[in-house]
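Following the hints, complete the assembly by docking chain B onto the known chain A.
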Amino acid sequence: MSHLSRRDLLRASGAGLLALATGSALAACGYSGSGSASGGDADTGTVTVWSWATAAAALRGVVPAFEKDNPGIKVDVQDIGNPAIWDKITVGLAAGGQGLGDVLHIGCDYLPGYLEKFPGGLANLSEYGADSYKDKFAKGLWPVVTGKDGHAYALPWEVNPLGFFYRKDYFDKAGIDPAGLATWDDLVAAADRFKAANPGISLIGINKAANPDPDLDFLQSLMQLQGAFYFDLQGRITFGSEPDVRALATVKRLDDAGLIADAPGDQGWATLMKAGRLAVAPMPAWAAHYLETKFADQSGNWRLTKPPAVIAGGKRTALVNSTHLAVAASSPRRRAAWKFVEYALTRTASVNSMFTAGGVFPALTEAYADPMYSAPSTFYGGQPVLRTFADLAVDGGDPTNYSGDYARALKLASDAQTKVFLKGGDPAAVLQDAAKQLAQQTGRSTA
Amino acid sequence: MTAAAEPAAPSVPLAEEARRTHRSARWRRTAVPYLLLAPALITFGVFKAYPILDSLLLSFTTGSGAATRDAGLANYRRLLDDPLFWTALRNTAEILVVQVPLMLGLALLMAAGINSVLVRWRAVWRLGVFMPAVTGLVATGVMFAFLLNTEHGAVNWLLDAVGLPAVDWLGRPFWARMSVVLVLTWHYTGYNAVIYLAGLQGIPKELYEAAMVDGAGPVRRFTAITVPALRPVLLFTVVLSTIGTLQLFDEPYVLTGGGPDNATLTVSMYLYQNGFRYFDFGYASAVAYALTLLVSVLGAVQMRLMGERGT
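Chains as they are written, first to last, in UniProt numbering: chain A, 1 to 447; chain B, 1 to 311.
So the derived label-pair ranges between C-beta atoms look like this: (1) B/174 with A/129: 57 to 63 Å; (2) B/163 with A/294: 34 to 40 Å; (3) A/129 with B/292: 51 to 57 Å; (4) B/240 with A/270: 39 to 45 Å; (5) A/424 with B/240: 40 to 46 Å; (6) A/143 with B/80: 33 to 39 Å; (7) A/175 with B/131: 55 to 61 Å; (8) A/124 with B/131: 56 to 62 Å; (9) A/290 with B/48: 45 to 51 Å; (10) A/446 with B/109: 51 to 57 Å.
Chain B is nowhere near these chain A residues, computed Cβ spacing over 10 Å in every case: (11) 175; (12) 301; (13) 445.
If you're looking for bench data, these hints aren't it; they were derived computationally from the structure.
C-beta atoms are modelled at their ideal positions from N, C-alpha and C, and glycine is treated no differently.
So here's chain A without its partners, still in its complex pose:
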């Protein structure tokens, strides 16, 4: 018995009960009007938007102007919370779209899964003209919103290029200029000099035992800097590929050189940072604001530069992650919903007002012309950090396919990394093993 047939059964029994209760055939008609395939293209009515935290608040800021320019459409932005929103969307899609908001804020780690597991659950936005915006966003994002059929199912909102935040005071003491580090191996080569000048200070903090959750952001970044990930764009497993092995081998070399501190538990990293025991934070755009507010007493000590490449001459940009707005296929007012998405995400004024209000770094590249991206920041010693991220986003990264099996892949990659940290595992061997397991678990082929 499939989910689908059980759902139909429930729906039928529900309709039957309603029909019994009202003695009217209208009840059954009411049911036939909803469901996944039966959304509508109305361009008026109230559009419900599901988002979370500051992003929801930022989105609300766009609503008055939109409603003024689009009479007949009202917008209700709801803060569903993260991670609660993923369960709610999953349940809604599994129920054939019933109960879903009209517009859904979806991360790049969930979008491909929803497209794969619930085909027809999200509206095809190419039908409304989404493709005309293809080149307006940071390079590497369009493939993320494109389904296997080549149509767009969302528009990019937020993009997070990878940055290399560093403690200038520590590097100065060691006489090293991070801007001059071309590769991560250059950092390994300078390890002794750095440690001699800064006893007790490590470069990066990682929760080595992955307890209670995986800590894979750094490893993933090293893969993404090479245009690689756990899957290729066709969805084949690439765990054992040369770039992936190189990424984990780089982590191992950094660890062997004594540059990686263990950051146990979910507070480990923050504890090390607070104590000033970490000199580098390889983190994306959103961290600019985060570091500034969370570790305010270290103001003036931090700087930002491009991340080093993994191999000599390699790429120094990676788009770590992104979030998007999609329209539920079950929405009875898909056109109105699309109008709001288009209004919010393709106009410089909207995305920049949302960036100011909620810190969501825009994917729309023409937004970076605004002078605020060149403003100096005290926390970063007067450096215009946003300009660095804007430049990195314009450079663009290679697209990352998270696929519908990201959660599984993340767990297996985490296990592989833990084996390297705790048991001295060989990067190539542990990743080959992970690839084999992932293939066994998902039925995907290995590239």
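Same frame as chain A, but now just chain B:
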């Protein structure tokens, strides 16, 4: 004939009516209990029987949402080749073999202690022993996560105070498993001790008096009277603890998340991951049925081994 037949004629429908009345009365009588039972039966059917059956059907499918399709026995075949499932099973077995005897042994000693007339304020002791069993599992997990913290935990502080090296309790595979054993033992020993205490109080005092007259010491009395008399209670706790450990989820989930490197991954946690993290409900159902089979077989074996001699 006619005269005799005449009064008989209306008696046929009368008899029929009487029978009907009787039948409807009987039906009413039988229906009432069923009606009274109906809410429970319907609730059981909807929330227990249906999910149990549906899960069985689900275990023969793959994919989720609109992409669900039949998979035959593929999930069960996959189970046999899945190293993580076997890791989870091995972890569960290791925890079972170490933890259950340790906990039940301690519980028995504890019960004998608080049952002794030599102990004062027995009620306070009993309360203290049972207290951990009523502590919420999540609270327990969080509390032990603090206690076992490598750098700031009280346990390592104590070890340091007596000159022992600090232990990375939650970060090393072996110690993470030991931590789970520790938490389980802390949480459930008192619960079992209370069950044993009830059993102990049912043993006739005369047996002990006779044994004392015969010159049996405390150890001999414990092994020759207490343990055999407690056999049904022992069986009960062994079977319950075995089933409980096979279904172990909360403690490792809160304490270690199954890590490091799956050292504390249990079968139930693996089931949860497949179902609610990877949305692979078909495979999760297959894991559930494999676990059910295991619990049934192990339970039956224990009943056979211990039950026969006990009765």
